[in-house]
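Novice: Sequence:
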Amino acid sequence: MSDQNTNDAGNAGQPAVAQLRVLTQYVKDVSFENPNAPQALGPVDEQPNISVKVDVGVNRMSDTDYEVALKLAAEAKTKDKTMFLVEIDYAGLFRLTNVPEENLEAVLVIECPRQIFPFARRIVADLTRDGGYPPLMIDPIDFVGLYQQRRQQMAQAPAGDGQPN
Numbered sequence: 006m007s008d009q010n011t012n013d014a015g016n017a018g019q020p021a022v023a024q025l026r027v028l029t030q031y032v033k034d035v036s037f038e039n040p041n042a043p044q045a046l047g048p049v050d051e052q053p054n055i056s057v058k059v060d061v062g063v064n065r066m067s068d069t070d071y072e073v074a075l076k077l078a079a080e081a082k083t084k085d086k087t088m089f090l091v092e093i094d095y096a097g098l099f100r101l102t103n104v105p106e107e108n109l110e111a112v113l114v115i116e117c118p119r120q121i122f123p124f125a126r127r128i129v130a131d132l133t134r135d136g137g138y139p140p141l142m143i144d145p146i147d148f149v150g151l152y153q154q155r156r157q158q159m160a161q162a163p164a165g166d167g168q169p170n
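Under the working numbering, residues 6 to 170 are what the sequence shown spells out, in order.
Think of the hints as simulated: they come from the structure by calculation, not from any bench. Bear in mind that the values here come from a model prediction, so they are computed numbers and not experimental data. A couple of the hints might just be wrong.
In the DSS-like style, the derived pairs of lysine-lysine whose C-alpha atoms are separated by at most 30 Å in a straight line are [said to hold, decoys possible]:
1) 86 to 33
2) 86 to 76
3) 33 to 58
The whole structure should be built from the sequences, with the hints applied where relevant.
Specialist: Structure (structure tokens):
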């Protein structure tokens, strides 16, 4: 009995463990454009230039629940001809409990999109394959780097607001 009291007293001083749960995940919006098919599907003289854009959006749903949307846009071009354009807005509903306030933003824009990225990536690969091209396997995304870049841009924004000195 005394062991239980000691453990209870020891646990009372420890902070609660932070938890992240994926409640659901879903496609919010998806688009595939193949504007020059079938001509673009034949042999090409040059490798297409593929550009990929990434964005993360967060929407607070309740005290513990957040919708995190991963937006991917990929465009393949040769010279001035677009081969394909694929866009996806893939989201997850996450429940975060016991996450310290100072870590909340980082968890939402780093860890949450990291959890849903493989699913969005597979959909992009399937869409490009079904469009007649080799599957586009988007490289893993450095969400930490994107977060740091966003923080730097926000820190520099007030300095470059265009107001006279």
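Novice: Kindly indicate which numbered hints from before are broken by the structure, ordering the numbers from low to high.
Specialist: none
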